[in-house]
Amino acid sequence: MSGDALRPARNIKFKDALSEGLCMAMERDPGIFVTGISVDYPSGIFGSTVEALRRFGPARVFDAPAMENALTGIAIGAAVMGMRPVVVHPRNDFMFLAFDQLINVAAKWRYMYGGRAGSVPIVVRGIIGRGWGQGPTHSQSLQSVLAHFPGLAVVMPASPEDAKGLTMAALRASHPVIILEHRSLFELTGPVPEEYYATPFGHAKVVRPGVDLTLVATSYMVQEALVAAGVLAKEGIEVEIIDPRSIRPLDEETILASVRKTGRLIVADTSWECCGFSSEIAALAAEKAFDALRGPVRRLSSPNCPAPVAASLESVLYPKASTIVGLSLHMLGRHPQGNLRGIDAVDTFKGPY
Amino acid sequence: MKAEPARTEIPGELRLEMHARLLRVRIASRRLAELYREQEMRTPAHFGLGQEAVAVGVVTALRPGDVVYSHHRAHNHYLASGGSVYELAAELYGREAGCSRGRGGSAHLTAQAVGFIASTAILGETIAIATGSALAFSMRGERRLAVSFFGEAACEEGIFYESINYAAIRRLPVLYVCENNLYSTESPLSVRQPAGTELCERARSFKLKAERVDGNDLAAVYEASARLADGLRRGEGPAFLECMTYRWLEHVGPHFDHEAGRTYRSREEVESWMQRCPVKRSAAEIIRLGVADEAALAALSNGITRDVEDAVKRARAADPPPQGDLYADVW
Ligand SMILES: Cc1ncc(C[n+]2csc(CCOP(=O)(O)OP(=O)(O)O)c2C)c(N)n1
Ligand SMILES: [Mg+2]
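Residue numbers (my numbering), protein chains in the order written: chain A, 1 to 353; chain B, 354 to 684.
Among the hints, a few may not be true.
As the list claims (entries may be wrong) - Chain A is faced by these chain B residues, among others (derived, beta-carbon under 10 Å): (1) Cys452; (2) Thr463; (3) Thr473; (4) Ala474; (5) Ile475; (6) Thr479; (7) Ile480; (8) Ala481; (9) Glu495; (10) Ala499; (11) Glu509; (12) Phe513; (13) Ala671; (14) Pro673; (15) Ala681.
Source of the hints: derived by calculation from the structure; they are not laboratory data.
Ideal placement from N, C-alpha and C gives every residue a C-beta, glycine not left out.
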């Protein structure tokens, strides 16, 4: 069941939608607990675990030492005994230390025991940093690496509605799920149904319909895409924005149907190009919609360098709405009118973290 | 090792039961290693010949509901827990009837019905996973224990320290059983741990209870395990048991070192440890105490040998997984 049809919806923030999804799931399933560095601080993972702690107490929401790999193994061992652990990483970059347990164990558990040792329904949340000098090790985006491995579901909510719906879906899945949440989305406000609902994995969302160009955008890039589409609409160009929502499993059909309709494809992703999600979508179009393509697929992703700290360098690091507009016009053989920079959102993020 | 204390307190019946279990592990392991030479079991196998008393002694101290995890050298722990010889052999042969339906192989065993949850092949993994199962028991107020079996090389991995630190903080009911067989593949302790290292001291510095025993002495392993398990059930926090033992065969594969031209251990060293065979020692003790005589033990051994033979034959003849099932159970 998708959240799209549910009412009533009221406008709440992304972080509150995460929190609401978590609390509703915890209410239904007493086996859910939340752990990881700082989950029980008053600041509670940028506000997303505060309510869970208040309602369910320290027995179900508790701090952990910095021990990412063992903590993931501990979550697995608890899950095998019937619990539903949620492990939270304030930056997804910390998950590199947990890759053994995530990839060698969690992703393979069900398969490598032939289905006879049960499954490990753990949920791992990782927050993607951006800007304010988060720098090389606190602003990476791990979806491409993680989605490489069969057995892991990797989802990236881009709206408050999906923040809640994907959280609730993850907390009733029968397999490990990684939720990558973009820090720049936490204050975003949008309509969120009050009910319990689960956003199914493997169903992309057409965020904005259009006929001239398909723009597949992940996570925070959906926001940039929306701004870009608004500007392009004034030029008479209708961009179709597709948010895959889940990186693995991937809804190929929705993307392919759009590409067949528009014949043009840009993929805007928060990770790197090389072996990245944007390349995966480009390959998908090349393999399964080649005849429909009217020009080369273009990828917009992190430039091929680590993220620098200095504001001067950071300001040219990320593809933005203006980049998308410029590239779209170019693909359609049009020329930008005036300076596009003015359309980009001013970063209002307050440091340090 | 210190002089052995008198152990008249272990009832004869239990001694015999443990010995039967030990024989089953030994006879099955030995037969599987023999068959492995035929190159029909296509899975890297780490045989535990020589180390069986550790698995049997520890598992005998457990109760229904307790859970066991193991590492790459998993056969002993699986068998000691009561895992089926047929399903183990079928797993090694890559059959659908294997305990993991031919997907996991020698290092990825499971037998949840008898409390053997899983073994994994990467060092240290199940140390954390067992800790997590103990966390679940502790959160739900259940009086169950989790046991993690691993080799001394896992104590060189960070995850060991992360896990015991966590277990100590939360006083989790987990027993960490380190089988110290002096080697990690062909690397001796001297290149891996500073001279004079006492793993028990390390564990104690993390506030665990720790004991070291002769791992080839079945009764000693059982008694230490029972003692530590009692403390765990009373909520006294995690414990570490170091069992000194020795692997008879090469690290991976069915051969003795000398057969395979391996030179990292001397033949004298291997033979001196084989003199301390846990099965022979247990048999001698049983006969000395008058629990059973030689003829009775021989009959026991013959019966097990027949069962094992039947199991491995059936396993070999069993069907492989259908190729259409390649993608089953990914999620
Ligand atoms: C993380 C990791 N590194 C290396 C290996 C390769 N490896 C497999 S078994 C082994 C030796 C382990 O020695 P120990 O833990 O003492 O167990 P033993 O084999 O002696 O029973 C090694 C290095 C591995 N499986 N996992
Ligand atoms: Mg060893």
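Answer holds if the nearest beta-carbon of chain A is closer than 10 Å to that of Ile475 (chain B); otherwise answer violated. It holds, given that the least Cβ distance between Ile475 (chain B) and chain A is near 5 Å, below 10 Å.
Minimum beta-carbon distance criterion (10 Å), Thr463 (chain B) to chain A: holds, 4 Å
So, as I understand it, the hint says Ala671 (chain B) touches chain A; can you test that by seeing if any CB pair is closer than 10 Å? Result: violated, 13 Å to nearest chain A Cβ.
Quick check on the hint: Cys452 (chain B) CB to chain A CB, less than 10 Å? Cβ of Cys452 (chain B) sits 7 Å from chain A, so the hint holds.
Would you settle whether the hint for Ala499 (chain B) is holds or violated, based on the nearest Cβ-Cβ distance to chain A being less than 10 Å? Holds. Min distance 7 Å.
Does Ala681 (chain B) pass the interface hint, meaning its C-beta sits closer than 10 Å to a C-beta of chain A? Since the shortest Cβ distance to chain A is 7 Å, the answer is holds.
Close enough to count: is the Cβ of Ala474 (chain B) nearer than 10 Å to one in chain A? Interface hint status for Ala474 (chain B): holds (8 Å vs cutoff 10 Å).
Once the shortest beta carbon distance from Pro673 (chain B) to chain A is found, is it less than 10 Å? violated, 12 Å
Classify the hint on Thr479 (chain B) as holds or violated, based on whether any CB of chain A lies nearer than 10 Å to its CB. holds, 8 Å
Does Ile480 (chain B) hold up as a contact with chain A if the rule is Cβ-Cβ below 10 Å? holds, 8 Å
Could you check if Thr473 (chain B) really has its C-beta closer than 10 Å to a C-beta on chain A? holds, 6 Å
Proposed interface contact between Glu509 (chain B) and chain A, which counts if any beta carbon pair is under 10 Å: Violated, about 15 Å.
In terms of the numbered hints stated before, the structure departs from hints 11, 13 and 14, listed from lowest to highest.
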